[in-house]
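Got chain A sorted already, so can you dock chain B onto it with the hints?
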Amino acid sequence: MATAPTSGIVEIDVRTDEMLVNMGPQHPSTHGVLRLVLRTDGEVVSEATPHIGYLHRCAEKIGENLTPRQWIPYTDRMDYLAGMNMNLGWALTVEKLLNYDLPEKARHLRVIIAELNRIASHLVGMGTYGLDLGTFSPFLYAFREREKILDLLEDACGARLTYSYITVGGATADLPPGWVQKLSGFLDQFEPVILDYHALLTTNAIFIKRTAGIGLLTPEMAIDYGCSGPVLRGSGVDYDLRRDGDPRYTSLYADYAFEVIVEKNGSYPRDHDYPPVPSEAILGDCWHRFYVRMLEVIQAIALIRQGIEKYSQATGDWGTPIKLSTKLPKGEAYLETECPRGQMGFYIVSDGTGPIPLRARARSSCFSNLSVAPQLCRGCLIADVPAIVGSLDIVMGEIDR
Amino acid sequence: MSGKQTIERLQKRFGDQLTHVEPAAIDPWVEVSPSSLVEVCRYLRDAEELRLNYCNSISVVDYCDPNAKPGGKSAWEPHLEVVYHLSSIQYKTTFVVKVMLPRWKDDVQGMLPEVPSVSGVWSTADWHEREAYDLSGVWFTGHPNLERILCPEDWVGHPLRKDYEMPLEYHGIRGR
Numbered sequence: 001m002a003t004a005p006t007s008g009i010v011e012i013d014v015r016t017d018e019m020l021v022n023m024g025p026q027h028p029s030t031h032g033v034l035r036l037v038l039r040t041d042g043e044v045v046s047e048a049t050p051h052i053g054y055l056h057r058c059a060e061k062i063g064e065n066l067t068p069r070q071w072i073p074y075t076d077r078m079d080y081l082a083g084m085n086m087n088l089g090w091a092l093t094v095e096k097l098l099n100y101d102l103p104e105k106a107r108h109l110r111v112i113i114a115e116l117n118r119i120a121s122h123l124v125g126m127g128t129y130g131l132d133l134g135t136f137s138p139f140l141y142a143f144r145e146r147e148k149i150l151d152l153l154e155d156a157c158g159a160r161l162t163y164s165y166i167t168v169g170g171a172t173a174d175l176p177p178g179w180v181q182k183l184s185g186f187l188d189q190f191e192p193v194i195l196d197y198h199a200l201l202t203t204n205a206i207f208i209k210r211t212a213g214i215g216l217l218t219p220e221m222a223i224d225y226g227c228s229g230p231v232l233r234g235s236g237v238d239y240d241l242r243r244d245g246d247p248r249y250t251s252l253y254a255d256y257a258f259e260v261i262v263e264k265n266g267s268y269p270r271d272h273d274y275p276p277v278p279s280e281a282i283l284g285d286c287w288h289r290f291y292v293r294m295l296e297v298i299q300a301i302a303l304i305r306q307g308i309e310k311y312s313q314a315t316g317d318w319g320t321p322i323k324l325s326t327k328l329p330k331g332e333a334y335l336e337t338e339c340p341r342g343q344m345g346f347y348i349v350s351d352g353t354g355p356i357p358l359r360a361r362a363r364s365s366c367f368s369n370l371s372v373a374p375q376l377c378r379g380c381l382i383a384d385v386p387a388i389v390g391s392l393d394i395v396m397g398e399i400d401r
Numbered sequence: 001m002s003g004k005q006t007i008e009r010l011q012k013r014f015g016d017q018l019t020h021v022e023p024a025a026i027d028p029w030v031e032v033s034p035s036s037l038v039e040v041c042r043y044l045r046d047a048e049e050l051r052l053n054y055c056n057s058i059s060v061v062d063y064c065d066p067n068a069k070p071g072g073k074s075a076w077e078p079h080l081e082v083v084y085h086l087s088s089i090q091y092k093t094t095f096v097v098k099v100m101l102p103r104w105k106d107d108v109q110g111m112l113p114e115v116p117s118v119s120g121v122w123s124t125a126d127w128h129e130r131e132a133y134d135l136s137g138v139w140f141t142g143h144p145n146l147e148r149i150l151c152p153e154d155w156v157g158h159p160l161r162k163d164y165e166m167p168l169e170y171h172g173i174r175g176r
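Chains as they are written, first to last, in the UniProt record's numbering: chain A, 1 to 401; chain B, 1 to 176.
Just chain A, with the same shape it has in the complex (with noise of 0.2 angstroms):
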């Protein structure tokens, strides 16, 4: 046995043989079917290897004898906590094919739809985060007002999970009468919670110890490994679709005011009570993943309060959906929209005879940011690596095709 150690620092210098774990394909932590195999040596981990694809459930080759329209409610079960985004994505790329111009109702009705689903979906990054991390009661915290945005949500177009209300031309239907204020309600409520989350979560000397200088992530890697969204962001790169887009997707937020929330010179964006940035952290580990989500949802309760307001005033229709046999020009199009867990890219291929459309691809952020997780887990310990993963937020039906 060796000597204690006297630095006060635990030396890592148990040799075991090099053993190889297979974590998943349903660990809790891996969010759907993920399977992790792991070479490890005693608790460190050195190498990581995700295998994806138990899911398969062929959505391009059934997109590709679909008309646009009907394919919506396909991309809705791809990232299925963030249906409504991704029915934008896909709306409006084939909108961008078929050069339709929006009704300025229909604009700010898809800003409010889609904001209230980044943060029910942010809700649920945070939530089932604390519990990779061991901690239960945020989860349920996080739940319960999810719970209440899906309300809102089955008011809108009559299912909590599975949408396909943002379409082709606008939206299936109009927001219902009422349904407004007490959207209103509902963000007066739900603001003053979320420090609530920041007292059980960011500033928790257990979850900052388990997050903080964890996985690092540099700017260079990001960009290079394809990162996005608050992963990209979490490491400082300043990159937002919302704002930094196509000009068809950022034309949705042309008049809002908001700001992209990224690191600035060691603070973020400071509009609000919310904590600091302790000593630990380091730019683009863990902790720095979850805080831009966090803020994400301040942000999103702003853009939404903003989005209230215009699409009451708005006159005009709110967007009138395509028929299912309209003729799609020859020609290509792709887009990229700012979906909660990032870039989330739809490319579409006419050949000019008919409704269905030759190819459709679906570019997903997930699959990107997992390709970098081998990285991040290299000479990490095993109990970190579902803290990597779950910092990355990825939901597995978006890697699939």
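Computed cross-link-like contacts, DSS-like style, restricted to lysine-lysine with a CA-CA straight-line distance of at most 30 angstroms:
no. : chain 1 : residue 1 : chain 2 : residue 2
1   : B       : Lys69     : A       : Lys61
2   : A       : Lys330    : B       : Lys92
3   : B       : Lys98     : A       : Lys330
4   : A       : Lys61     : B       : Lys73
5   : A       : Lys327    : B       : Lys4
6   : B       : Lys73     : B       : Lys98
7   : A       : Lys327    : B       : Lys98
Please keep in mind that the hints were generated in silico from the structure rather than gathered at the bench.
Here is chain B on its own, set in the frame of chain A:
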């Protein structure tokens, strides 16, 4: 730099190596030959004022009509297109590069067409190329670990090919 300007710049730099340009498309694109792909990509990533350092997506489009009548007219010759969607984080611009490939190498059924891997230019291309190989059947030469990623390792065929047929049986599981 807009797509049009990027194309002009590339034409000046690479000249004949660009086999086709389409500045008027919804997303302007250039077509390059497989042999000069890596060189063009490296230039797009590193050149000042371009800095297309973010690879969004690598998709394969299969131009093939399995139900076409023999001798019938089609708008295109059967072929594969590998499409690279690139972005610049710094300049907030996008650009599209395409490579045209035959459906089968040397027209031998089952021989995958080859294109050099760009995983050395953008690391993210690693997984995207594996996906393209798995689902559409394009062989990326020089890829460090070109294995199936979504389908099982012993799966036969490439599901996103237009003439793909679902296997009747896989390890005792009935298909179709």
